[in-house]
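Visitor: Residue numbers (my numbering), protein chains in the order written: chain L, 114 to 606; chain Z, 114 to 606.
By construction, these hints were calculated from the structure, which means they are not laboratory data. Worth double-checking, as some hints may not be accurate.
Intra- or inter-copy, both count: the list cannot distinguish identical chains.
[Claimed, not checked] DSBU-like, lysine-lysine: derived pairs with alpha carbons at most 35 Å apart: (1) LYS452 - LYS173; (2) LYS296 - LYS464; (3) LYS436 - LYS544; (4) LYS509 - LYS173; (5) LYS296 - LYS138; (6) LYS566 - LYS296; (7) LYS375 - LYS138; (8) LYS249 - LYS452; (9) LYS544 - LYS525; (10) LYS249 - LYS203; (11) LYS566 - LYS594; (12) LYS138 - LYS324; (13) LYS220 - LYS203; (14) LYS350 - LYS445; (15) LYS296 - LYS459; (16) LYS471 - LYS163; (17) LYS163 - LYS173.
There are 2 protein chains.
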Amino acid sequence: MAKELKELTKRSENYSQWYNDLVLKADLAEQSAVRGCMVIKPYGYAIWEKMQRQLDDMFKETGHVNAYFPLLIPKSFLSREAEHVEGFAKECAVVTHHRLKNSPDGKGVIVDPEARLEEELIIRPTSETIIWNTYKNWINSYRDLPILCNQWANVMRWEMRTRLFLRTAEFLWQEGHTAHATKEEAEEEALRMLNVYGEFAEKYMAVPVVKGIKSANERFAGALETYTIEALMQDGKALQSGTSHFLGQNFAKAFDVQFLNKENKQEYVWATSWGVSTRLMGALIMTHSDDNGLVLPPTLAPFQVVIVPIYRNDEQLSQINEKIAGIVAGLKALGISVKYDNADNKRPGFKFAEYELKGVPVRLVMGGRDLENNTIEVMRRDTLEKETVSCDGIEKYVQQLLADIQQNIYQKALDFRESHTVSVDTYDEFKEKIEEGGFILAHWDGTPETEEKIKEETKATIRCIPLEGDRTPGRCMVTGKPSEGRVVFARAY
Amino acid sequence: MAKELKELTKRSENYSQWYNDLVLKADLAEQSAVRGCMVIKPYGYAIWEKMQRQLDDMFKETGHVNAYFPLLIPKSFLSREAEHVEGFAKECAVVTHHRLKNSPDGKGVIVDPEARLEEELIIRPTSETIIWNTYKNWINSYRDLPILCNQWANVMRWEMRTRLFLRTAEFLWQEGHTAHATKEEAEEEALRMLNVYGEFAEKYMAVPVVKGIKSANERFAGALETYTIEALMQDGKALQSGTSHFLGQNFAKAFDVQFLNKENKQEYVWATSWGVSTRLMGALIMTHSDDNGLVLPPTLAPFQVVIVPIYRNDEQLSQINEKIAGIVAGLKALGISVKYDNADNKRPGFKFAEYELKGVPVRLVMGGRDLENNTIEVMRRDTLEKETVSCDGIEKYVQQLLADIQQNIYQKALDFRESHTVSVDTYDEFKEKIEEGGFILAHWDGTPETEEKIKEETKATIRCIPLEGDRTPGRCMVTGKPSEGRVVFARAY
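Let's have the full structure, built from the sequences with the hints guiding it.
Guide: Structure below.
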């Protein structure tokens, strides 16, 4: 779509505006006519598809299968698990009728009052309830276990303040729901999927994450334990990027799902659930991008290489076309996705700006002199560095460059996080440091009261109790009471 | 999941019951707690995933990209296109509230009356309205065209009588929505996608289809022309399997989507939409399956080959395991998906019945004598024929057999259709033949009145005006008025 490529707001001027500008100008997503629901545009969706494909492969490698459960959930199901309903009731879209009819005034349609549902249905905010109601019929004995299902679906949580990708009323996600014969197996599963998420974030998104356990306050509604991966954005705020829950027997009890164990006794089934959503798009955008636009990791870029010709006349263009055809074929043979843009209705400078904005990892440019010299100009999007290299072996050169970019943007994000992670020992110091953003490692006495006080006074929350790193005990920075080890604080999205 | 493998109802006894039995017993899908909404179980979903992957590749090869549009549509949008609202208003799920609250009596939750939406939202029955409202902002000039978007999504049509896969309130589908600068280009696109559907049905599903145009009565609500692929089921009923619509400028006018054409004049945009759904699962099941269960085309089977060992003792099993490992590796190297089922908690006979029921195209069995003789028993699911062949070259043998099965089930379905397609010239003969099922080619005067009369008197509908075959004019079998050519009648799902 032709459009003016206006300047992005700079990150240093207004980070939040920079993000909104970028999402719109890079054609990733936009608001729809329906409050809080976004349209994911083709370029944004292509990135999401790449994420889906990779995650789906990883789920299948770890033994999971996909299935599909209903969009709508009977209202009464939600009430079965006390904490669950408490967590979700306030943000439910409710279906009350199943028919419209012509308005008596002849203007449009109205809800047909005679088509009222006996029981209201809610659009799933998450599917534990409908799925455990289904699993009840699938499980009789330990031989039916484990069940390792995932579904790719849309869900709806009626948020009051929404932001594209980060917090929307409707979002796309996957939700895994597993059923196990033992507590140990379910706990293992919850941790396994946390590690899958961690690997996906670091290896494919190039986003370093801290893996840890949520405090009780931040736990999923209905979980006994919530594991999380937490990423740090360039503005120093944390973004929760994926969670995996050990649900104990809560949902099995709520929906009476028992099985005959090996000792021939009835027992409640153990459960996990885990999910990542289109929120990951927000993490991806904010971790790597700069004032020129998106920076995408080569593994998730819709196309990894763009080639632009610069030519004086049709004859020269056709020579360049011929030369480039060989390079395109060579790149494709190496599994590299490439777009050759020789459209004549846009100037090269316009194309350069557009592909920078869209974060294409590598740009190749061939002009008349390159043609003579058998060279090509290579630009890498992450550092914007340019060099002119020989066309001989260009394919292998680009392949290595893509790997370098993937590694470099990960390392850059990791360096950023490390330089924005500090340990503090006093609450005064904490209050000072939290204003600078970043992760703060501090001792906490483990009580919800202290956590709440810190949140009220500083807007910082406990992102997680980290699973790795220094676990030396100490004293809570607020109360002086014993602490089992430092936890990660930050202000968060 | 362990369960008793009870006999299926025979097709000849009760075809409809056979279908329901099969969907349930082969673990494809089941009813959920929500009226008319199904749970698609992992085995059924694995088939749907294979369909999706193939269709998605075909859409991308024809230049389409994926995107995602909101689940909810403002009620008023529906009224913008007069025929469209007429077609869908009666089956809309309506969201009226966005919050639940605790019931005053302490029992569960109720809809919070204070959280009533200003304008009701409907769950998309199809997305023309929300998408054309979005396209309005994407289109200014002919340079912005064409737009070739597809989305994979769930939709909801509140059907009163539902059947698994064939007619459900919620179903999964893809919907393509394209925008063009000229009428010709939009018409071409609608036909292109009809042909993609036809190729997919015949080449991958092994389901022969008649391609044609819908009569005005059967057109999509808001379309100028609806193209369809029509398949014939084993009970002689037709199943509409996919439709592609030329929408003219109807939605562009309803949502005021104009563009500046090459002559610098404002013009309304031309549109198409096209979709196939989980209904295709019904077509797949009913076309090929038999009284022993599913018969799946190798191209869409979740696994193409199952191998079962028969052994006297652990030592023999370990010898067979070793031998089979080589065969499994060889099959996988040819891109053939294979499952080796040496689980010791089920008898071979039980496994045989289960894999027959699930339609696995090829079964290999190795027993002690086979091990001695370097042979293996091969059974093909489509004909249930068994033979014992040498293990040398078994991989290539199976590869060829899979291709044969794909071809054979297509040919069988085509033979069935051809032997159940008749031309009739009088209405009396029509009334007689329609009782036998199948496609009837007959002359029709082209009026909705005659079509309606035939439908009322015989329950037969015009499936399509075929695009191929004999188009000799004649006289309507009912009115004697001129007919442009025979059309396809049948009773239909």
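Visitor: What label fits LYS249 with LYS203 when the C-alpha limit is 35 Å: within, between, both, or neither?
Guide: both (27 Å within a copy, 34 Å between copies)
Visitor: Are the CA atoms of LYS566 and LYS296 at most 35 Å apart within a copy, between copies, both, or neither?
Guide: For LYS566 and LYS296, only the intra-copy Cα distance (34 Å) is at most 35 Å; the inter-copy one is 65 Å.
Visitor: Is it within, between, both or neither when you check LYS544 against LYS525 at 35 Å Cα-Cα?
Guide: Within one copy, since 27 Å is at most 35 Å while 76 Å is not.
Visitor: State whether the alpha carbon distance between LYS452 and LYS173 is at most 35 Å within one copy, between copies, both, or neither.
Guide: Both, since 31 Å and 15 Å are each at most 35 Å.
Visitor: Quick one: LYS249 to LYS452, C-alpha cut-off 35 Å, is that within a copy, between copies, both, or neither?
Guide: between (50 Å within a copy, 28 Å between copies)
Visitor: Indicate which option fits the pair LYS566, LYS594 if close means a Cα-Cα distance not exceeding 35 Å: within, between, both or neither.
Guide: Within one copy only: 15 Å inside, 86 Å across.
Visitor: How would you classify LYS220 and LYS203 at a CA-CA limit of 35 Å: within, between, both, or neither?
Guide: So LYS220 and LYS203 pass the 35 Å test inside a copy (33 Å) and across (16 Å) alike.
Visitor: Within a copy, between copies, both or neither: which one fits LYS509 and LYS173 at a CA-CA cutoff of 35 Å?
Guide: both (31 Å within a copy, 27 Å between copies)
Visitor: Is it within, between, both or neither when you check LYS350 against LYS445 at 35 Å Cα-Cα?
Guide: neither (39 Å within a copy, 47 Å between copies)
Visitor: What label fits LYS471 with LYS163 when the C-alpha limit is 35 Å: within, between, both, or neither?
Guide: both (16 Å within a copy, 31 Å between copies)
Visitor: With 35 Å as the alpha-carbon cut-off, assign the pair LYS296 and LYS138 to within, between, both or neither.
Guide: Between copies only: 31 Å across chains, 48 Å inside a chain, cut-off 35 Å.
Visitor: Classify it for me, LYS296 with LYS459: is the Cα-Cα distance of at most 35 Å met within a copy, between copies, both or neither?
Guide: between (61 Å within a copy, 27 Å between copies)
Comparing the model with each earlier hint shows violations of hints 3 and 14; every other hint is respected.
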